[in-house]
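S.K.: The chain contents come next:
Number of protein chains: 2
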Amino acid sequence: MDELTQRHNEKMKRIKAARDEMMKTKTEEKGLIMVHTGKGKGKSSAGFGMIMRCIAWGMPCAVVQFVKGNWETGEKKLLREKFTEKCRFFVSGEGFTWETQDRERDVAAARNGWEIAKQQILDPEIQLVLLDEINIALRYDYLDIDEVVDFLLTQKPHMTHVCLTGRNAKPELIEAADLVTEFELVKHPFRDGVKAQRGVEF
Amino acid sequence: MDELTQRHNEKMKRIKAARDEMMKTKTEEKGLIMVHTGKGKGKSSAGFGMIMRCIAWGMPCAVVQFVKGNWETGEKKLLREKFTEKCRFFVSGEGFTWETQDRERDVAAARNGWEIAKQQILDPEIQLVLLDEINIALRYDYLDIDEVVDFLLTQKPHMTHVCLTGRNAKPELIEAADLVTEFELVKHPFRDGVKAQRGVEF
Numbered sequence: 001m002d003e004l005t006q007r008h009n010e011k012m013k014r015i016k017a018a019r020d021e022m023m024k025t026k027t028e029e030k031g032l033i034m035v036h037t038g039k040g041k042g043k044s045s046a047g048f049g050m051i052m053r054c055i056a057w058g059m060p061c062a063v064v065q066f067v068k069g070n071w072e073t074g075e076k077k078l079l080r081e082k083f084t085e086k087c088r089f090f091v092s093g094e095g096f097t098w099e100t101q102d103r104e105r106d107v108a109a110a111r112n113g114w115e116i117a118k119q120q121i122l123d124p125e126i127q128l129v130l131l132d133e134i135n136i137a138l139r140y141d142y143l144d145i146d147e148v149v150d151f152l153l154t155q156k157p158h159m160t161h162v163c164l165t166g167r168n169a170k171p172e173l174i175e176a177a178d179l180v181t182e183f184e185l186v187k188h189p190f191r192d193g194v195k196a197q198r199g200v201e202f
Numbered sequence: 001m002d003e004l005t006q007r008h009n010e011k012m013k014r015i016k017a018a019r020d021e022m023m024k025t026k027t028e029e030k031g032l033i034m035v036h037t038g039k040g041k042g043k044s045s046a047g048f049g050m051i052m053r054c055i056a057w058g059m060p061c062a063v064v065q066f067v068k069g070n071w072e073t074g075e076k077k078l079l080r081e082k083f084t085e086k087c088r089f090f091v092s093g094e095g096f097t098w099e100t101q102d103r104e105r106d107v108a109a110a111r112n113g114w115e116i117a118k119q120q121i122l123d124p125e126i127q128l129v130l131l132d133e134i135n136i137a138l139r140y141d142y143l144d145i146d147e148v149v150d151f152l153l154t155q156k157p158h159m160t161h162v163c164l165t166g167r168n169a170k171p172e173l174i175e176a177a178d179l180v181t182e183f184e185l186v187k188h189p190f191r192d193g194v195k196a197q198r199g200v201e202f
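For the record, the sequence lines run as chains W and P.
Letter 70 of the first sequence, counting from 1, is numbered 70 in my numbering, and no numbers are missing.
Letter 160 of the second sequence, counting from 1, is numbered 160 in my numbering, and no numbers are missing.
Be a bit skeptical, because a hint or two may be false.
It does not matter which identical chain is used: a pair holds within one copy or between any two.
Stated by the list, open to error - In silico DSBU-like links for lysine-lysine, alpha-carbon gap of 30 Å or less:
#1 K82 to K170
#2 K26 to K156
#3 K82 to K24
#4 K76 to K187
#5 K39 to K13
No wet-lab data here; the hints were simulated from the structure.
Construct the entire structure; sequences and hints are all you get.
M.R.: If you want it as structure tokens, here you go:
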């Protein structure tokens, strides 16, 4: 065995020992409040990746889309065509808020979405709820942030996971969350004139 | 209509006009080199979210997992049980590198994974290839970064998307990529003693 290999193997042994020790302290299971925010790509994709995991494990789950909706996406297509039994799929918005240009309609759609969201979260059968792009509705105050955070902290069943996506997550939500990932845009091909493409963006 | 609503609607009209103008410049379609890196959660989930979109649209795709493998994950289970026709799934590694503690075995596994990856990328039928956790193999120099970047830049078919995930993406890869998202860890429940849970982490 050469020296590089030997040094590497010893280093990995130390890492494994430290990791095993650390993992012993990770014993709790609980439903998480998760936030995917930031300008980078992947916030919704990562939410749908978890939905896929739930479907695989037979964990009933639900999606409420807040401001996407009037166009066909891969995630909607697949969930509606293949997995209606395993994942409930709701659309409350009619597009991004600059598409409707009608605040009252946006507010009504967001409130409707939030009512559905609460029902799904309270449903003891459902184990993960994805509130896709809810941060946009919160940012424009279509929904009251205090009401949403208060509901999540006081009424969400202990083992239910809720994932909230969208840019500009409010500080109150980040404070309340168990897991927060900021998706930082390092490079995006929109800047070079590349359009949104099937399989990648929708 | 009250003043808030009117101001909002006018603002959204301006946003929509600016957006429509911008979208006119987004005309190109091309296969992207995408990198998901950083310490935050969601890098692989977001990759699998795109796999789900490809499956929905009937775009044949492939996954090569570099350093996960010896345990069952939701993504592996679902793809192997339901979508073997639509998504090819390969595992090259036997766990994280600190699990094997054997550099030579890790190098052999990574090289094997890279050979499979090249075949999948070159296959004209395949439209998106997810190289999950390949950045770990690159970081420890199990694979040569110059070889990988050179292959992606010179041999990847023009319309094929490739997504490379894992922490510590090498600068050469970031330089070569079209789309890079840094997943920044703002909060993670591991810190509070919560263990990895089904549906969320695997």
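S.K.: Hint by hint, which ones does the structure fall short of?
M.R.: 1, 3
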